[in-house]
Amino acid sequence: MEKKKPIINYKECMACGICVQACPFSCIDFVKINVNKDKKAYPELINNGRCTGCGICSKECPVEAIELR
Amino acid sequence: MKGYIGKILIVDLTTGIFEEQKVEDEVYENLLSGVGLGAYTLYKNIPKGADPLGPDNMLGFVSGLLTGTGSVMTGRWMVVCKSPLTGGWGDSNCGGTFSPAIKQCGYDGIFFKGISVFPVYLYVDNRGAELRDASYLWGKDAVETEDILEKENWNNKKPAIAVIGTSSEKKSLISGICNDRGRIAARSGVGAVMGSKRLKAVVLAGSKPIKCHDPKTVKKYSKEFSKKIKKTNMPQIMTGRMLPLMGKALTIPKNIIPIDGIVSASMMKKWGTGFGNTMGMYNGDDPIKNWAGSVVDYDKSYYNNVNPDKVLKREYKKYHCYSCVIGCGGVCDIKGIGNGEFTHTHKPEYETVNAFGALLMNKDLESIFYINELLNRAGMDSISAGNTIAYAIECYENGLITKDDTDGLELTWGNAEAIVELVKRMIARQGFGDVLADGVKVAVKKIGEETSKYAMHAGGQEPGMHDPRMDPALGVHYSADPTPGRHTVGAFGYYNYMHLWTKVSWVPKLKLSTPKKVEFEASDRNGIITMANSCIKQILDGSGGCLFAMISGVHNWKIFEWLNAATGWDKTPDEYMIIGKRMQTLRQMFNIREGINPIDFKIKDRIAGRPPLKEGPLKGKTLPIEGMIQKHWEHFGWNPETGVPTEETIEELGLDELLNN
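Chains as they are written, first to last, in the numbering used here: chain A, 1 to 69; chain F, 1 to 661.
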């Protein structure tokens, strides 16, 4: 069965970076720029292969903007 | 599972021995984590009279109690030590990503003592800690060093790195500790202490979970606050050009009508702290011409050049510290500026722009971008450096020093080229730069007592860029705090925005009828307000909270509720304020033990309005500074004449028992 991966809802995401710091394998980083035309660097899954689908990012997100799918 | 870890690491750099220490719950219950834990550890472990740059001084990196618990805007880390700048208690705090990284390594704090024989860095991950040779990094700037260490140590997890630049290696007393390539814990001379220990960096790559008592409730408050911030935006039509007038208009009701602090977030989101570049021109908040000038001198033809909209033209992306939902930071393109050696820099903060703009009568914004990056890389405090250069310029303009003293530099007001060159020489400790590299207090000793009238400082610490003649509470905090010269402790303006009276029973609520002149009185009301400001700031520094969140108001950013949810305690805001009072008193006790006479920290006369300015928005303003300090100390339960905490207060706060355990 394929592992679930984090999907970020950019309408809710505040770019606070809690997920970036929480990921034990640094699979998420601030690389999605300007998605809401606000110059913000939003987090995005950058290292798909290393993501274990552990869900820590989703659990830690303070605004529940990350879903594992 | 109380938000804190309950453990610290002590590293002896002389022997290379590591010691893990358990910290009892009662320490956190009495002093929180962060600066409180730091003050407890240092008070017990630093011998009285220790040389700040010697092996007996300790340097601690502490995280906040709320960091990593799911709360937002609680990602600040603090450095603690005995300050070489003031000779007393030293602390400085900073954002970035370093705070959660400390806890992810399994500690609330990492402390260093001793001095290494050769340059080292500390590496910590889930498996443990080790000291590694850093000789190959010595002499490199903070950004270069971080790049190298990140590359070398990025295994599973991207490491968080705190590092010193070249000015700290040279033990500049106005140097700090950097992280995230441009965030800096700049105050108290903490960088010099790290440099004296030959500790080049701390590299943290742990990934241990940070657990708290009730994460669901913590998250509930985070979500509420985040939603408010999302909705709080500056209208599109508001441009930087309107800020000077807006600043003037906002000052009128500032101290008579409570303002919801959440509005400050809209300005932070749009400009970052840079809105202050021009907003304080007509209300007098922005110090000009070494605190002796006004907007009459730094008029429109000057301040239009530092309009924050012009800063934003170079900003290509926003920068958020860990857990921040506002994102006041930014990264700016500076290709082609200066010698062209840098491509980008963190967006210059208001403090930097004013310290190298209005304070020096400089209107060359490009030079400020360049200086910002020079200082970030060297790890030098821009507030202190700006104040020190302002002092030198005034000495030069008044003939107390000449070109012979300045090695040929024409140090006139607004001479951007000379200012840039002087910054470089201060960083390199070259010639006249060496004279200034330790701040104004040391410079006066080297140049001569007759220049002391131009040296603006409080107990050796150069003040932040907010004028007490506009907000007198600032003058009290600059003068009466154990870490003097800080603009971040409190102001009447902050008090207004914070709405503490919605939570704390004993603080006065601002009333519509409060006349503005009450600010300039040495009254009990003001003593209670400044005391409350100091207490809440200590709670903030124990929690890892950001001042800009605090200013949005405790009714919006629910620090008291978060602390209870994270720890499982059931404390009232009044009880937390006692913790703040305890932390502040402990820091003051540290100063007293080190022989500090607290009244020596009083801000220089010029800044207190003696003599008062003859023109501009602060014309005729004078603070009754001594009286206000006395009221502040009195409400802390300290001797109002001497600033020494009384035995009754120490006993009432339980500090004697706590420190003797």
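Hints in this document: simulated from the structure, not taken from any laboratory.
Computed from a predicted model, the values in this text were never measured in an experiment.
Yeah, the Cβ is synthetic: ideal placement off N, Cα and C, and Gly gets one too.
Treat the hints with care, as some may be off.
[Claimed, not checked] Once the Cα atoms are required to be at most 27 Å apart in a straight line, the calculated DSSO-like pairs of lysine-lysine come out as:
| id | chain 1 | residue 1 | chain 2 | residue 2 |
| --- | --- | --- | --- | --- |
| 1 | A | Lys37 | F | Lys335 |
| 2 | A | Lys5 | F | Lys227 |
| 3 | F | Lys269 | A | Lys5 |
| 4 | A | Lys11 | F | Lys335 |
| 5 | A | Lys59 | F | Lys621 |
| 6 | F | Lys445 | A | Lys37 |
| 7 | A | Lys32 | F | Lys22 |
| 8 | F | Lys170 | A | Lys32 |
| 9 | A | Lys37 | F | Lys230 |
| 10 | A | Lys37 | F | Lys317 |
| 11 | F | Lys151 | A | Lys37 |
| 12 | F | Lys228 | A | Lys4 |
| 13 | F | Lys228 | A | Lys3 |
| 14 | A | Lys32 | F | Lys227 |
| 15 | F | Lys230 | A | Lys39 |
| 16 | A | Lys39 | F | Lys208 |
| 17 | F | Lys208 | A | Lys3 |
| 18 | F | Lys335 | A | Lys59 |
| 19 | A | Lys4 | F | Lys223 |
| 20 | F | Lys208 | A | Lys59 |
| 21 | F | Lys313 | A | Lys11 |
| 22 | F | Lys231 | A | Lys11 |
| 23 | A | Lys11 | F | Lys151 |
| 24 | F | Lys269 | A | Lys4 |
| 25 | F | Lys313 | A | Lys59 |
| 26 | A | Lys32 | F | Lys313 |
| 27 | A | Lys37 | F | Lys208 |
| 28 | F | Lys223 | A | Lys32 |
[To be verified] Covered by chain F, according to a simulated footprint, are these stretches of chain A (three or more residues, beta-carbon under 8 Å):
| id | region |
| --- | --- |
| 29 | 3–11 |
| 30 | 58–65 |
Evaluated hints:
1. Lys37(A) to Lys335(F): Holds - the C-alpha atoms of Lys335(F) and Lys37(A) are around 23 Å apart, at most 27 Å.
2. Lys5(A) to Lys227(F): Holds. Lys5(A) to Lys227(F) sits at ~26 Å (cutoff 27 Å).
3. Lys269(F) to Lys5(A): Violated. Lys269(F) to Lys5(A) sits at ~30 Å, over the 27 Å cutoff.
4. Lys11(A) to Lys335(F): violated (33 Å)
5. Lys59(A) to Lys621(F): With Cα atoms ~54 Å apart, Lys59(A) and Lys621(F) exceed 27 Å; violated.
6. Lys445(F) to Lys37(A): Measuring from Cα to Cα gives roughly 53 Å; hence the hint is violated.
7. Lys32(A) to Lys22(F): violated (41 Å)
8. Lys170(F) to Lys32(A): violated (39 Å)
9. Lys37(A) to Lys230(F): holds (14 Å)
10. Lys37(A) to Lys317(F): holds (11 Å)
11. Lys151(F) to Lys37(A): Roughly 31 Å between the alpha carbons, so the hint for Lys151(F) and Lys37(A) is violated.
12. Lys228(F) to Lys4(A): This hinted pair is violated, its Cα atoms lying about 31 Å apart.
13. Lys228(F) to Lys3(A): violated (35 Å)
14. Lys32(A) to Lys227(F): holds (21 Å)
15. Lys230(F) to Lys39(A): Answer holds: Lys230(F) to Lys39(A) is near 15 Å, not above 27 Å.
16. Lys39(A) to Lys208(F): Measuring from Cα to Cα gives roughly 32 Å; hence the hint is violated.
17. Lys208(F) to Lys3(A): holds (22 Å)
18. Lys335(F) to Lys59(A): Roughly 40 Å separates the two Cα atoms, so the pair is violated.
19. Lys4(A) to Lys223(F): holds (25 Å)
20. Lys208(F) to Lys59(A): Judged against 27 Å, a Cα distance of about 14 Å means the pair holds.
21. Lys313(F) to Lys11(A): Given pair Lys313(F), Lys11(A) holds - Cα atoms ~25 Å apart, limit 27 Å.
22. Lys231(F) to Lys11(A): holds (12 Å)
23. Lys11(A) to Lys151(F): Cα-Cα ~33 Å, so violated.
24. Lys269(F) to Lys4(A): Violated. Lys269(F) to Lys4(A) sits at ~34 Å, over the 27 Å cutoff.
25. Lys313(F) to Lys59(A): This hinted pair is violated, its Cα atoms lying about 37 Å apart.
26. Lys32(A) to Lys313(F): holds (20 Å)
27. Lys37(A) to Lys208(F): violated (35 Å)
28. Lys223(F) to Lys32(A): Status holds; Cα separation ~22 Å.
29. 3–11: violated (count 0)
30. 58–65: Coverage by chain F holds for the region 58–65 of chain A (4 residues, Cβ < 8 Å).
Checked against the numbered hints above, the structure violates hints 3, 4, 5, 6, 7, 8, 11, 12, 13, 16, 18, 23, 24, 25, 27, 29; every other hint is satisfied.
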